[in-house]
Amino acid sequence: MFETSKGIVLDAVGASLNDLAKQVDSFCTPLYFAEEGELKQIIEENGRFTIEAFDDIIHSKGEFTLDPKVLAVSCRASFGTFISQHFGEQVFTKLFDLIEEKLSQELPRLLNAKHGMQYLIVLRKKN
Numbered sequence: 001m002f003e004t005s006k007g008i009v010l011d012a013v014g015a016s017l018n019d020l021a022k023q024v025d026s027f028c029t030p031l032y033f034a035e036e037g038e039l040k041q042i043i044e045e046n047g048r049f050t051i052e053a054f055d056d057i058i059h060s061k062g063e064f065t066l067d068p069k070v071l072a073v074s075c076r077a078s079f080g081t082f083i084s085q086h087f088g089e090q091v092f093t094k095l096f097d098l099i100e101e102k103l104s105q106e107l108p109r110l111l112n113a114k115h116g117m118q119y120l121i122v123l124r125k126k127n
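Letter by letter, the sequence shown follows residues 1 to 127 of the UniProt record's numbering.
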């Protein structure tokens with residue numbers, strides 16, 4: 001995952017937190033990116049749905065902006081609440097400036113990142 005743009009962004013978040021906070025060891029990010037086979041297995045084991053469609057969504061290069069400021073703002077919107085609650089407002093305020101700075105340094109990696117995984121899944125509830 002570290003070779004995808006999402007992975008690179010999450011690496012920058014982690015590195016920024018390491019730079020700013022002592023509470024990093026007790027912080028757990030509630031994110032998990034399941035693979036296709038794992039998702040199918042979970043759905044099948046649930047037994048309540050049939051899989052009508054399961055398609056990979058591949059985004060072309062340039063479809064999403066890789067602007068470090070936009071990515072930092074996106075991280076802030078996604079993770080801001082629980083980061084602020086765990087680390088406090090002072091760290092929260094500094095963090096996203098630091099994330100933007102780190103992503104600026106990682107721009108060459110972002111531009112060459114592998115496609116991330118994203119799926120379109122259509123389920124039908126069994127009767």
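Quick caveat, the hints were computed from the structure, so don't treat them as lab data. Treat the hints with care, since some could be wrong.
[Stated by the list, open to error] Have a look at the derived ranges for each label pair, beta carbon to beta carbon: (1) Glu-63 with Ser-104: 29 to 37 Å; (2) Glu-44 with Val-73: 22 to 30 Å; (3) Asn-127 with Ser-26: 43 to 51 Å; (4) Asp-25 with Lys-69: 42 to 50 Å; (5) Ser-104 with Phe-82: 18 to 26 Å; (6) Asp-97 with Glu-35: 28 to 36 Å; (7) Glu-63 with Ile-121: 38 to 46 Å; (8) Lys-40 with Ser-104: 19 to 27 Å; (9) Ile-121 with Glu-89: 25 to 33 Å; (10) Asp-11 with Gly-47: 16 to 24 Å.
[As the list claims (entries may be wrong)] With a cut-off of at most 27 Å between alpha-carbon atoms, the simulated DSSO-like pairs for lysine-lysine come out as follows: (11) Lys-102 with Lys-125; (12) Lys-6 with Lys-126; (13) Lys-125 with Lys-69; (14) Lys-6 with Lys-125; (15) Lys-40 with Lys-114; (16) Lys-6 with Lys-40; (17) Lys-40 with Lys-69; (18) Lys-125 with Lys-40.
We put the CB at the ideal spot given by N, CA and C, even for glycine.
Here is what the structure says about each hint:
no. : hint                            : verdict
1   : Glu-63 with Ser-104: 29 to 37 Å : 21 Å, violated
2   : Glu-44 with Val-73: 22 to 30 Å  : 38 Å, violated
3   : Asn-127 with Ser-26: 43 to 51 Å : 46 Å, holds
4   : Asp-25 with Lys-69: 42 to 50 Å  : 29 Å, violated
5   : Ser-104 with Phe-82: 18 to 26 Å : 25 Å, holds
6   : Asp-97 with Glu-35: 28 to 36 Å  : 34 Å, holds
7   : Glu-63 with Ile-121: 38 to 46 Å : 20 Å, violated
8   : Lys-40 with Ser-104: 19 to 27 Å : 38 Å, violated
9   : Ile-121 with Glu-89: 25 to 33 Å : 38 Å, violated
10  : Asp-11 with Gly-47: 16 to 24 Å  : 37 Å, violated
11  : Lys-102 with Lys-125            : 44 Å, violated
12  : Lys-6 with Lys-126              : 34 Å, violated
13  : Lys-125 with Lys-69             : 41 Å, violated
14  : Lys-6 with Lys-125              : 31 Å, violated
15  : Lys-40 with Lys-114             : 23 Å, holds
16  : Lys-6 with Lys-40               : 22 Å, holds
17  : Lys-40 with Lys-69              : 36 Å, violated
18  : Lys-125 with Lys-40             : 15 Å, holds
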